[in-house]
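Residue numbers (the working numbering): 1197 to 1298.
Quick caveat, the hints were computed from the structure, so don't treat them as lab data. We put the beta carbon where it would ideally sit given N, CA and C, even for glycine. Each hint should be verified, as a subset may be incorrect.
In the SDA-like style, the derived pairs of lysine to any residue whose C-alpha atoms are separated by at most 25 Å in a straight line are [said to hold, decoys possible]:
| id | residue 1 | residue 2 |
| --- | --- | --- |
| 1 | Lys1267 | Gln1240 |
| 2 | Lys1292 | Leu1276 |
| 3 | Lys1267 | Asp1285 |
| 4 | Lys1292 | Met1197 |
| 5 | Lys1206 | Gln1240 |
| 6 | Lys1267 | Cys1233 |
| 7 | Lys1257 | Asp1229 |
| 8 | Lys1217 | Arg1205 |
| 9 | Lys1292 | Met1198 |
| 10 | Lys1221 | Asn1244 |
| 11 | Lys1206 | Leu1297 |
| 12 | Lys1199 | Ser1243 |
| 13 | Lys1221 | Ser1207 |
| 14 | Lys1258 | Gly1213 |
| 15 | Lys1257 | Glu1245 |
| 16 | Lys1220 | Tyr1231 |
| 17 | Lys1199 | Phe1232 |
| 18 | Lys1267 | Asp1253 |
| 19 | Lys1257 | Asn1246 |
| 20 | Lys1199 | Thr1259 |
| 21 | Lys1257 | Pro1238 |
Now the in silico label distances, taken between C-beta atoms and shown as ranges [claimed, not checked]:
| id | residue 1 | residue 2 | range |
| --- | --- | --- | --- |
| 22 | Lys1199 | Val1230 | 26 to 36 Å |
| 23 | Asp1285 | Ala1225 | 32 to 42 Å |
| 24 | Leu1203 | Lys1257 | 32 to 42 Å |
| 25 | Tyr1264 | Met1224 | 30 to 40 Å |
| 26 | Ala1273 | Glu1295 | 17 to 27 Å |
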Amino acid sequence: MMKFPRLLRKSLTWDRGSELKAHKKFSMATDMDVYFCDPHSPWQRGSNENTNRLLRDFFPKKTDLGGYTQKQLNDVASRLNNRPRETLDFLSPAVKMNELLQ
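Given these sequences and hints, build the entire structure.
This is how it looks when you write it as structure tokens:
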């Protein structure tokens, strides 16, 4: 996380999973605010839920990713990162990230 400019690491929203235990340590180490979703409230992490849905086009639930090569996984990541998103005014995440980093 620290490799990203401060502009891109203002806060992080986590589910209420096992990562909950380490949130104070993470927050202190990164100087980022950490927020938690309410239980059973996936709409509070809309981008994450949307990305999970897009991943299901390639990998059904409970797919063992160990059966894929790193190249195959990278190809899926590239396709998703270069897919335009309505929430980004129809820019792709890759294009938007490049804009923010310049």
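Structure-based check of each hint:
1. Lys1267 / Gln1240: Measuring from Cα to Cα gives roughly 32 Å; hence the hint is violated.
2. Lys1292 / Leu1276: The hint holds at about 13 Å.
3. Lys1267 / Asp1285: violated (29 Å)
4. Lys1292 / Met1197: Since the Cα atoms of Lys1292 and Met1197 sit roughly 18 Å apart, the hinted pair holds (cutoff 25 Å).
5. Lys1206 / Gln1240: holds (17 Å)
6. Lys1267 / Cys1233: violated (33 Å)
7. Lys1257 / Asp1229: Distance ~30 Å between Lys1257 and Asp1229 Cα, so the pair is violated.
8. Lys1217 / Arg1205: holds (20 Å)
9. Lys1292 / Met1198: Distance ~19 Å between Lys1292 and Met1198 Cα, so the pair holds.
10. Lys1221 / Asn1244: Roughly 23 Å between the alpha carbons, so the hint for Lys1221 and Asn1244 holds.
11. Lys1206 / Leu1297: holds (15 Å)
12. Lys1199 / Ser1243: Holds, at roughly 22 Å.
13. Lys1221 / Ser1207: holds (14 Å)
14. Lys1258 / Gly1213: holds (18 Å)
15. Lys1257 / Glu1245: holds (13 Å)
16. Lys1220 / Tyr1231: The hint holds at about 11 Å.
17. Lys1199 / Phe1232: holds (23 Å)
18. Lys1267 / Asp1253: holds (17 Å)
19. Lys1257 / Asn1246: holds (14 Å)
20. Lys1199 / Thr1259: violated (30 Å)
21. Lys1257 / Pro1238: holds (16 Å)
22. Lys1199 / Val1230: 26 to 36 Å: For Val1230 against Lys1199, whose Cβ atoms are near 18 Å apart, the range 26 to 36 Å is violated.
23. Asp1285 / Ala1225: 32 to 42 Å: holds (33 Å)
24. Leu1203 / Lys1257: 32 to 42 Å: holds (34 Å)
25. Tyr1264 / Met1224: 30 to 40 Å: holds (36 Å)
26. Ala1273 / Glu1295: 17 to 27 Å: holds (19 Å)
Hints 1, 3, 6, 7, 20 and 22 from the earlier list are contradicted by this structure; the remaining hints agree with it.
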